[in-house]
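**Q** These are the residues of each chain, in order.
Number of protein chains: 2
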Amino acid sequence: MSNFKQKFDEYRQLIDKSLRNYLDEPCFDEKIVYEAMAYAFTGGGKRIRPLLTLEFCRLCGGNIADALPFACAIEMIHCYSLVHDDLPCMDDDVLRRGKPSCHIAYGEAYALLAGDGLLTLAFETMLKKYDGSAVLPQNAARAALELAKQAGHCGMIGGQTVDIASEGKDIGLDTLKLMHSLKTGALISAACKIGCIIAGADDKKISSAERYAKNIGLAFQITDDVLDAIGNTEQLGKTVGSDENKNKTTFVSLLGVEKSLEQADKLTQKAKGELEIFGEDSEFLCELADYLAKRDK
Amino acid sequence: MSNFKQKFDEYRQLIDKSLRNYLDEPCFDEKIVYEAMAYAFTGGGKRIRPLLTLEFCRLCGGNIADALPFACAIEMIHCYSLVHDDLPCMDDDVLRRGKPSCHIAYGEAYALLAGDGLLTLAFETMLKKYDGSAVLPQNAARAALELAKQAGHCGMIGGQTVDIASEGKDIGLDTLKLMHSLKTGALISAACKIGCIIAGADDKKISSAERYAKNIGLAFQITDDVLDAIGNTEQLGKTVGSDENKNKTTFVSLLGVEKSLEQADKLTQKAKGELEIFGEDSEFLCELADYLAKRDK
Numbered sequence: 001m002s003n004f005k006q007k008f009d010e011y012r013q014l015i016d017k018s019l020r021n022y023l024d025e026p027c028f029d030e031k032i033v034y035e036a037m038a039y040a041f042t043g044g045g046k047r048i049r050p051l052l053t054l055e056f057c058r059l060c061g062g063n064i065a066d067a068l069p070f071a072c073a074i075e076m077i078h079c080y081s082l083v084h085d086d087l088p089c090m091d092d093d094v095l096r097r098g099k100p101s102c103h104i105a106y107g108e109a110y111a112l113l114a115g116d117g118l119l120t121l122a123f124e125t126m127l128k129k130y131d132g133s134a135v136l137p138q139n140a141a142r143a144a145l146e147l148a149k150q151a152g153h154c155g156m157i158g159g160q161t162v163d164i165a166s167e168g169k170d171i172g173l174d175t176l177k178l179m180h181s182l183k184t185g186a187l188i189s190a191a192c193k194i195g196c197i198i199a200g201a202d203d204k205k206i207s208s209a210e211r212y213a214k215n216i217g218l219a220f221q222i223t224d225d226v227l228d229a230i231g232n233t234e235q236l237g238k239t240v241g242s243d244e245n246k247n248k249t250t251f252v253s254l255l256g257v258e259k260s261l262e263q264a265d266k267l268t269q270k271a272k273g274e275l276e277i278f279g280e281d282s283e284f285l286c287e288l289a290d291y292l293a294k295r296d297k
Numbered sequence: 001m002s003n004f005k006q007k008f009d010e011y012r013q014l015i016d017k018s019l020r021n022y023l024d025e026p027c028f029d030e031k032i033v034y035e036a037m038a039y040a041f042t043g044g045g046k047r048i049r050p051l052l053t054l055e056f057c058r059l060c061g062g063n064i065a066d067a068l069p070f071a072c073a074i075e076m077i078h079c080y081s082l083v084h085d086d087l088p089c090m091d092d093d094v095l096r097r098g099k100p101s102c103h104i105a106y107g108e109a110y111a112l113l114a115g116d117g118l119l120t121l122a123f124e125t126m127l128k129k130y131d132g133s134a135v136l137p138q139n140a141a142r143a144a145l146e147l148a149k150q151a152g153h154c155g156m157i158g159g160q161t162v163d164i165a166s167e168g169k170d171i172g173l174d175t176l177k178l179m180h181s182l183k184t185g186a187l188i189s190a191a192c193k194i195g196c197i198i199a200g201a202d203d204k205k206i207s208s209a210e211r212y213a214k215n216i217g218l219a220f221q222i223t224d225d226v227l228d229a230i231g232n233t234e235q236l237g238k239t240v241g242s243d244e245n246k247n248k249t250t251f252v253s254l255l256g257v258e259k260s261l262e263q264a265d266k267l268t269q270k271a272k273g274e275l276e277i278f279g280e281d282s283e284f285l286c287e288l289a290d291y292l293a294k295r296d297k
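Listed in order, the protein sequences are those of chains F and S.
So the first sequence is numbered by my numbering: it starts at 1 and just counts up by one.
So the second sequence is numbered by my numbering: it starts at 1 and just counts up by one.
Some clues are possibly wrong.
[To be verified] Derived SDA-like pairs (lysine to any residue); straight-line CA-CA distance at most 25 Å:
1) F:Lys31 to S:Lys248
2) S:Lys177 to F:Lys177
3) S:Lys169 to F:Pro26
[To be verified] Only part of the chain S face toward chain F is listed, based on derived beta-carbon distances under 7 Å:
4) Ala109
5) Gly117
6) Leu119
7) Thr120
8) Ala134
9) Leu136
10) Pro137
11) Leu145
12) Gly152
13) Thr161
14) Ile164
15) Glu167
16) Gly168
17) Ile171
18) Gly200
No lab work stands behind these hints: they were computed from the structure.
Quick caveat: nothing in here was measured; it's all calculated off a predicted structure.
The C-beta atom is built at its ideal place from N, Cα and C for all residues, glycine as well.
Work the whole structure out from these sequences, hints included.
**A** Next up, the structure:
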């Protein structure tokens, strides 16, 4: 096993274990939303976002344990957005990560509440960190505020809005890029920046991390579109061709598969260029950029 | 106009104006979720929760301006919960505060996102407060954490879970009280406690505020049930008799109207007793307790 794969798996295991620990037992007998929340974040996600937070924190000389609640908060936000995205009134997807979507497993009402619960838990998890932590309070506050902004109506939720508003319309490359920079890019940006912020890095490094994030975020999405067009359901764990079926504009529908792959490659190179400021130790993030653009699921 | 009514209206106006100010313009052209968010919190709500925060802060010697972002964050959480509660997969209510519910006005997908957006905005609004504020950072962090807990799966969301799980079942008074103590009580508790915390009050005062909250919260809910049973649609701004139509257990269905009113009165007296520690200046909160139990809408 390569060093990259090993480190990747170690991070994933740490994140999976921690996510479960941050979800306290419910304070009363009715456990169904608690179970739906646990279901939503234990399903074999790649944990790319929290992993970025931990690695950027380490790379900037910070302590991974300090970044962990923030990393997990970001993953909770990601998971809640998937639960709400899959609801019938949104994308109406019955499959997620190869398993029934949360609302299929628990019903719509509980899935809605589980999403709300995960979003709230994300902030609870970060705010708990203010007490007796090695992180400077102003850095913790800045990190939590960064996540609130990137997850909110000017960030991720804004991207979902543009997505819905664009359905059935002919949109151009600019709108498509705006949508994805908000819908997936915002949270990936938050993940990278927050890692640096927790470690107390300077603004120059935070800006480089943000540009790295924007480039891998877009490359990630382009690869997603390509996989949706040419992949198979088994590998993806979700219904393939769902974009085309919904008549959605994608990078593939605008540029074709070949040009899309070229774009993803170009963005990946740009992302890797941004790592220079972090020194030679940034090899893992370099390989991660490649992995994300060349993945097959 | 009585002093009480005047002060009540002044608070409401301050809160209405501030809520609008905390919602930044969207950073891109697609404004529909932004508009749905604004719609959800500008509809003539009573603003009881934020008003409690401001008044408890004042009563504990704090500055109302310092408590304002926290007060508004609580109202945002309340408003998001109403938007999600009204959705077809939850209570399926088409009317809220005399106007079409958010999903009737904007469609289900945007209403879902508007709720998510308000929940996120609540934390953004509080977290912004860490910079350049007169509030001690540890008090601001404690206040924000309190709201996250009371709004989460062990608080308000837990109450909604119990509510859904109880539908169509015969539940007893204990479960009904648990449900309401979580569903409405948790956020009212947060509102009262946070006002004290921001002002830097001691734990004794914070505990008294919490007990005041629990008592008025339950009285408020009992009055709600009574109004639903005997009120009229015009006064309430929502469909009357909706509890009975849904075969829901209420205080009225368990105790009858007269005993319910007695209970509400008893709880109100208990609430008023908790105000002693705050001195003579607590007259407004005393009248507020009466107002909530004796309101006709």
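**Q** Now look at each hint and say whether the structure bears it out.
**A** Against the structure, the hints come out as follows:
| no. | hint | result |
| --- | --- | --- |
| 1 | F:Lys31 to S:Lys248 | holds, 21 Å |
| 2 | S:Lys177 to F:Lys177 | violated, 50 Å |
| 3 | S:Lys169 to F:Pro26 | holds, 21 Å |
| 4 | Ala109 | holds, 5 Å |
| 5 | Gly117 | holds, 4 Å |
| 6 | Leu119 | holds, 6 Å |
| 7 | Thr120 | holds, 4 Å |
| 8 | Ala134 | violated, 15 Å |
| 9 | Leu136 | violated, 10 Å |
| 10 | Pro137 | holds, 5 Å |
| 11 | Leu145 | holds, 4 Å |
| 12 | Gly152 | holds, 4 Å |
| 13 | Thr161 | holds, 4 Å |
| 14 | Ile164 | holds, 5 Å |
| 15 | Glu167 | violated, 9 Å |
| 16 | Gly168 | violated, 13 Å |
| 17 | Ile171 | violated, 11 Å |
| 18 | Gly200 | violated, 16 Å |
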